[in-house]
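Can you build the whole structure from these sequences, using the hints too?
Residue numbers (our numbering), protein chains in the order written: chain A, 90 to 386; chain B, 90 to 386; chain C, 90 to 386; chain D, 90 to 386.
Because the hints were derived from the structure by calculation, they are not lab data.
Keep in mind that a hint or two might mislead.
No copy is singled out in the list; a pair is fine if it fits within one copy or between any two copies.
Unchecked claim - In silico lysine-lysine, DSBU-like type, Cα no more than 35 Å apart, as pairs: (1) Lys-141 <-> Lys-338; (2) Lys-279 <-> Lys-174; (3) Lys-363 <-> Lys-338; (4) Lys-174 <-> Lys-338.
Number of protein chains: 4
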Amino acid sequence: MNIVTPEPRAFAVLGGDLRQVCLARQLAADRHEVFTYANEAREHSAADKSIKEVAHPSALPKGCVVVLPLPAVAEGGWLSAPLSKVKISIDELLDTLAPGTPVMAGMVKGDLARAAAERGLRLVDYFEREELAVANAAATAEAAIAIAAENLPVTLGTSRALVVGFGRIGKLLTLGLRGLGCRVSASARKYEDLAWIEAFGARAVRTESVADIAQDYDVIFNTVPARVLCRDALERVKRDAVVIDLASKPGGLDFDAARELGVNVIWALSLPGKTSPITAGAIIRDSIYNILYDGGI
Amino acid sequence: MNIVTPEPRAFAVLGGDLRQVCLARQLAADRHEVFTYANEAREHSAADKSIKEVAHPSALPKGCVVVLPLPAVAEGGWLSAPLSKVKISIDELLDTLAPGTPVMAGMVKGDLARAAAERGLRLVDYFEREELAVANAAATAEAAIAIAAENLPVTLGTSRALVVGFGRIGKLLTLGLRGLGCRVSASARKYEDLAWIEAFGARAVRTESVADIAQDYDVIFNTVPARVLCRDALERVKRDAVVIDLASKPGGLDFDAARELGVNVIWALSLPGKTSPITAGAIIRDSIYNILYDGGI
Amino acid sequence: MNIVTPEPRAFAVLGGDLRQVCLARQLAADRHEVFTYANEAREHSAADKSIKEVAHPSALPKGCVVVLPLPAVAEGGWLSAPLSKVKISIDELLDTLAPGTPVMAGMVKGDLARAAAERGLRLVDYFEREELAVANAAATAEAAIAIAAENLPVTLGTSRALVVGFGRIGKLLTLGLRGLGCRVSASARKYEDLAWIEAFGARAVRTESVADIAQDYDVIFNTVPARVLCRDALERVKRDAVVIDLASKPGGLDFDAARELGVNVIWALSLPGKTSPITAGAIIRDSIYNILYDGGI
Amino acid sequence: MNIVTPEPRAFAVLGGDLRQVCLARQLAADRHEVFTYANEAREHSAADKSIKEVAHPSALPKGCVVVLPLPAVAEGGWLSAPLSKVKISIDELLDTLAPGTPVMAGMVKGDLARAAAERGLRLVDYFEREELAVANAAATAEAAIAIAAENLPVTLGTSRALVVGFGRIGKLLTLGLRGLGCRVSASARKYEDLAWIEAFGARAVRTESVADIAQDYDVIFNTVPARVLCRDALERVKRDAVVIDLASKPGGLDFDAARELGVNVIWALSLPGKTSPITAGAIIRDSIYNILYDGGI
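This is the structure:
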């Protein structure tokens, strides 16, 4: 409804994990001409026979929109291609593209940006799109709830949960947990966010008082990349409670203290890509469509 | 939980409507010494006998926190006092206050700000607090839902609703309507907001396409202070549908067209103050507490 | 989806209030031939010009399905026809129908049943259909929530509600109130229902202990046609709280005590018919379709 | 709130899996004297040192309430004791109990009933309690949702689900899935249940038409112990969709057809006991308390 699908055109979907494979299929389903490279291990189904695998990027037709994976580059400057036997450097790959080629990539670092600029490519980082961040947060929140449901010895519907941090993931965790009947508290620092927490039907807690109340919860989700769950807080966590850390490295809790105290911690990363590749692919597709539409590309 | 109640101190709660009366009671219930003036018509109940009505602001003790209503000033420069026989100019009122007195007021305009500055008063506009805006939005969304439930010839639970605009009120309308089983679409302009709408479980619609789909809904809530609901849109609104305009003046629809076309429009303003004075009072109380806490007042 | 619309045929929609008018329109919209009588005051819109008003039931074509209103009979044995100037006895009306005519009616009492049997008519009471009772309960619960939102001095989203009784309406009130962020308790007598209450995410309370906890709530909905809200309970109800009685006569609370104690009671009856006539009409239409389908009529 | 905890007394908690261990702890936490036997492998924590393990049931004090596990008897007539090295026949166990001893057991079959009757024991099957069935259904629905979230390649929040059957589990699945933003259809045979489905905010589908619409869903939950998901239905299930069968043996789908057609089926049994032993234990505890209260035992 709210995404404008471009007129059929050519896309080259290179490298990547299962998300990238799903993305290739979804582009094909939207009647685009799709070329793939370096993600062959996960063969495309019969239904996708319109997808053409090329032997080398130099075989890609001119005028393709090139889609690099999320992240685009693996350590060492190689195209990230965990499903493939191919090993190709980003430089070699970019050398095959004509100046002006639109290149969509996820988590662009300085090297890639420079390399693309040198070759006159139109590089855009879809991972910086806010709409992708929101949709990813929704998928992450759902995956985290599933992890909790599985790992808690109680049901969420009869338990009390604390969500530390009220950013994108914190907001959507709060809504999802409430949707399952869980009694939810969420923490924030700003008055404004505390008001939002209550407007979402949860109990608002100042982040600085989390250590005082950690004993009240059956499950604690951390979404803040800072040591909110310090030793003091972890000491109070109930036996049988589970702490799920969703903050990217270095994470938001004192892991040494957690280990010593025997707190049950689950470090949940890369959630949407792993557990929901079709949705994760569709989220990237939507952002690419938006980039093309806005850029008149 | 998240609001720090100040140690007992003196408050002067002046003028105002029912919200202000409720606020006086709530301050008294928190063990503060409360003085009132110019809101006497709505007598305080026996339970509130600790509240002292003064005959003139000059009788207020030194050191009070003075709380003016929302809005503070009525047309002509008078204290806004719809429940009272008293007519006192803001200037006369402020003249009675010692320099340095903290004065909390809602919707402060230039005249009041100047008058307070001249007298060395510490004026703060609680209506500019974001946490108040959020809590008011929650109350407004609920009131709007009640208006819809009453005025629609269908139940919300079996109907389709369109929320135009995804600011504070739009977000909370979307959640509340979904909570009643309504099928909700919401409109926004930014991709990011469109992603939030879907993450909230509603259908996302670009605001620019609202005119094309207005015929699909049993109720349309406008929250945008701009002519999104133009004649084109109104022409398509279904017979039996209701349009509820929540945007402050000049509102967000073409009223002339609506009248001509016979569209059933409800202009719903000042919602939380009118329908939920206790909650509206408590929202002001919380912001005042936050202001005092932050300011070290 | 789940209702089988009959092939176009003739219906006679007689008497009744706005629901009945809506029902006539909905039948016409499903391409049936619709005749009306004794509900002329509320003229059918231009869009419904296929609806034919007859001057007397004797003018109805043979083979119609006759639909009497809910309730079918007014005091004195007249067709219930509050929108009409017509005054016709049920006996006179039934005399015009050929034996074997299917007659759908709501709230059939002994007299009507006997009169129909004597004339060999196939009378069915659609008000006895369980699916109608459920759908009506949904509409009633929503209307009761709107009444609460309007009449409480607090918002539902910040308040605590008690639902007395966990039948159809009690269940749907509990879900709807929770959907608006209200903290809900519900009472029941059976262990099984107490378990359902908790499974619905609310707090379960034994009905016999309602009198002990009445002071904890901002709003109390009674759905039980028995004196659960006795004087003891009413004495504890908070000042500012509202009691909404949804139980049919004689209602579920001690009205004399309530008046004496100054408890704010709202007696909310006939809700869905009054506030949502289109939905109320559609509910009757669906049941009539189900009756025709099942009966092979 | 709604459960009356008995005065401290003695319980013997015998055999069983993790649920039974949790139950023992919960009884101890309610200040009862707790004896255990045949569930020693899962040692009780330091906090539970009041729990006394006995070497043989003959060492149990007179007057205990004896609690057998769910199910009570393993194949061959042995006490079900998967966590223990002990192998004791139910007969030998019951021989140690004095006539009149209250024995709570789950899933009582004819043999156990006979054996208890012969010895004059007061045997009650807590698994027949309706409140236990409801609470178990809530836990099962939540576990099934977690299984779906994990196994689907899409997020539930962006997907369409079909719940086949609208009994206890079907109702709670519908509510939980909706709480996560999933678009839910549910099927039933009775008009009344179809009306409930819509009142719960889902789309109602006649069970007999499930085969026609199976292609519309990303996940299908079967709760009906009958072949609703026949070959015809399975043939239409989308590639990438998942079918989760919650019906007890023999299950509700044509497994041979599913295997042949390559449909991704998950047979999810014994859910609450496995994934939420604390909640599962508490559910049994509550029913035992209710049995004791009602029986005046």
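Can you name, in rising order, the numbers of the hints this structure does not satisfy? 1, 2
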